[in-house]
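Sequence order for the protein chains is A and B. Residue numbering for the first sequence is 3 to 318, as defined by the numbering used here. Residue numbering for the second sequence is -16 to 209, as defined by the numbering used here.
Derived from the structure by calculation, the hints contain no laboratory data. On a predicted model such as this, the values are computed, not experimentally measured, just so you know. Wrong hints could be hidden among the right ones.
[Unchecked claim] In silico negatives: residues of chain B with every beta carbon more than 12 Å from chain A:
#  : residue
1  : Pro(-10)
2  : Ala(-6)
3  : Lys(-3)
4  : Phe1
5  : Arg62
6  : Ala93
7  : Arg126
8  : Gly129
9  : Trp132
10 : His136
11 : Thr157
12 : Leu163
[Claimed, not checked] Below are the SDA-like pairs computed for lysine to any residue, each with C-alpha atoms no more than 25 Å apart in a straight line:
#  : chain 1 : residue 1 : chain 2 : residue 2
13 : A       : Lys70     : B       : Ser17
14 : B       : Lys155    : A       : Pro182
15 : A       : Lys95     : B       : Pro10
16 : B       : Lys155    : A       : Phe183
17 : B       : Lys98     : A       : Gly142
18 : A       : Lys90     : B       : Phe1
19 : A       : Lys54     : B       : Gly21
20 : A       : Lys294    : B       : Ile92
21 : A       : Lys292    : B       : Ser17
[What the hints assert, rightly or not] To give an idea of the interface, some chain B residues facing chain A are shown, with a C-beta separation under 10 Å as derived from the structure:
#  : residue
22 : Gly18
23 : Gly21
24 : Pro22
25 : Pro24
26 : Gly82
27 : Glu86
28 : Lys155
29 : Ala156
Glycine is no exception: its CB is placed at the ideal position from the N, C-alpha and C atoms.
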Amino acid sequence: MLIRHRPDILPSEITTETLYTQRRQFLARFAAGLGTLALPGLSTSAAATSEKPFASLQSSPLSTRDEKITAQSNVTSYGNFYEFGPDKDSPAKNAHRLRTAPWSVTIDGEVKTPRTYALEDILKWAPLEERIYRMRCVEGWSAVIPWVGIPFSEILKRVEPTGNAKFVEFWSLADPEQMPFVRLPFLDWPYMEAVRLDEARHPLSLLAVGMYGEAMPKQNGAPIRIVFPWKYGFKGAKSIVRIRFVEKQPATVWTKAGPDEYGFYSNVNPDVPHKRWSQSQERRLGEFFKRKTLPFNGYAEQVAGMYAGMDLRKYF
Amino acid sequence: MSFTPNPRQLALIKIALFAICLLPLAPLLHAAWSGNFGPNPVEYVQRWTGTWTINLLVITLCVTPLRVISGLPWLTRLRRMLGLFCFFYALLHFLAFIGFDHEFAVDAIARDIFKRPFVTAGFAAFVLLLPLAASSNQWAIRRLGGRRWQELHRSIYPLAIIACVHYFWLVKATALLWPLAYAIAVTLLLGWRVRERQRKAIPVPQSGIAKSGAAKPLKFFSQRPK
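With the hints as constraints, model all of the structure from the sequences given.
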């Protein structure tokens, strides 16, 4: 006998496939919309008309202009984000587990008023900019990436570090529910990298919330990460939940992992080899042949002054 | 069912097999055509050619067991082509290594071969493959004599083991499954040969209480195979 049950969900209530498949776009726009709040003129047009909410941003004069931008698919499919696994394709495979909204960042330590901010509030502090930067990984590969973000110096203006603040720590999220590999002890979680205060204040230092005109992909450190283009990529912590100002130079995650292989500064330097390989050359993602690595990743003119008088072999 | 192809059929089978063996080139040609080898083209080309080298090595090693088990002696006539395709992919693999990794700089290549154990192993396997490829023709068989030729070609066994070691040494600890799978395949294929040898070895008559079949002299490299 056939017993008819009333369906649990009325057909009219079922989300149509088109709407369903657009949900990620919606989320991306929403996340992106957070950022564009800072730009009233752009927020409606950019967020509503395309999947590229940041597409119409002006590129900053600090952008690298004479190099071909790396294909977006290469940057989003290849990289290190050990919280999501040890292989280059692990982040793209596993980072979907990351929940990027709501997101808040605690700014504490040697600041006037330590507190936790909602991400959207931080992004109101300054207009977003596009910055095209070279990115050089300590492993010998590199890319040219159009980031979207705000200069970190704008953050410093707002949070007012005290006179004791000499270094800035950037802490990544380390939630084993979202980041399965933080259960394994191959780094001393949570991931934390730090720079000197003057390095953080440098105009090139960028707090990035997007790339290629889109909200930051999860595998690249959504929703907010830091970028120091003259340093090896690992100095740029991803998915930041805490920014702490301290007086003493901290032991960072990679200096703890290999003090003789990863220095505190980790400025790109073709003349100081890694213990296990040369740093004189690099290979752009998508290319077959290597190219020369430039001192300070090509930003020597802007940043070398900060290291005047320092022995870069000792302070690698 | 013991199918034996006539010369015409055998020629057709060989043509088909040749085409199949060329198929692994298709993704490489497609990537070259579209200009998109992914984020790490060198690694992609090296892994792909390396994978197909060891695939064809294992397939070549399958021929004899398959022939014996299936009772189809003509399968041996496909072995040379499979072995040569193994060499073909190994050559591409080697060219990718010297070309993309070192841009043909001999000193850098030499240093790398001595410095990184997995490169040492890979290079050793490639060197061992060279005489086998060079002597894969009738003239060489005649010149060497069947038996010496066969003994030379048994170096495929240590070569297969070195190839597995090469694979083990190059992957990360998290990706050991594939080299393990190949090592098991090679172990089975070589183990089968050892067992065949033991089975066929003529028991040496022994005095006393030894039962026949208990003692099996096994001289791997100079015993006449049958």
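The hints, checked one at a time:
| no. | hint | verdict |
| --- | --- | --- |
| 1 | Pro(-10) | holds, 44 Å |
| 2 | Ala(-6) | holds, 39 Å |
| 3 | Lys(-3) | holds, 34 Å |
| 4 | Phe1 | holds, 28 Å |
| 5 | Arg62 | holds, 34 Å |
| 6 | Ala93 | holds, 16 Å |
| 7 | Arg126 | holds, 41 Å |
| 8 | Gly129 | holds, 44 Å |
| 9 | Trp132 | holds, 39 Å |
| 10 | His136 | holds, 35 Å |
| 11 | Thr157 | violated, 5 Å |
| 12 | Leu163 | holds, 17 Å |
| 13 | A:Lys70 / B:Ser17 | holds, 18 Å |
| 14 | B:Lys155 / A:Pro182 | holds, 19 Å |
| 15 | A:Lys95 / B:Pro10 | holds, 22 Å |
| 16 | B:Lys155 / A:Phe183 | holds, 16 Å |
| 17 | B:Lys98 / A:Gly142 | holds, 18 Å |
| 18 | A:Lys90 / B:Phe1 | violated, 35 Å |
| 19 | A:Lys54 / B:Gly21 | holds, 23 Å |
| 20 | A:Lys294 / B:Ile92 | holds, 19 Å |
| 21 | A:Lys292 / B:Ser17 | holds, 21 Å |
| 22 | Gly18 | holds, 9 Å |
| 23 | Gly21 | holds, 7 Å |
| 24 | Pro22 | holds, 3 Å |
| 25 | Pro24 | holds, 5 Å |
| 26 | Gly82 | holds, 8 Å |
| 27 | Glu86 | holds, 7 Å |
| 28 | Lys155 | holds, 6 Å |
| 29 | Ala156 | holds, 8 Å |
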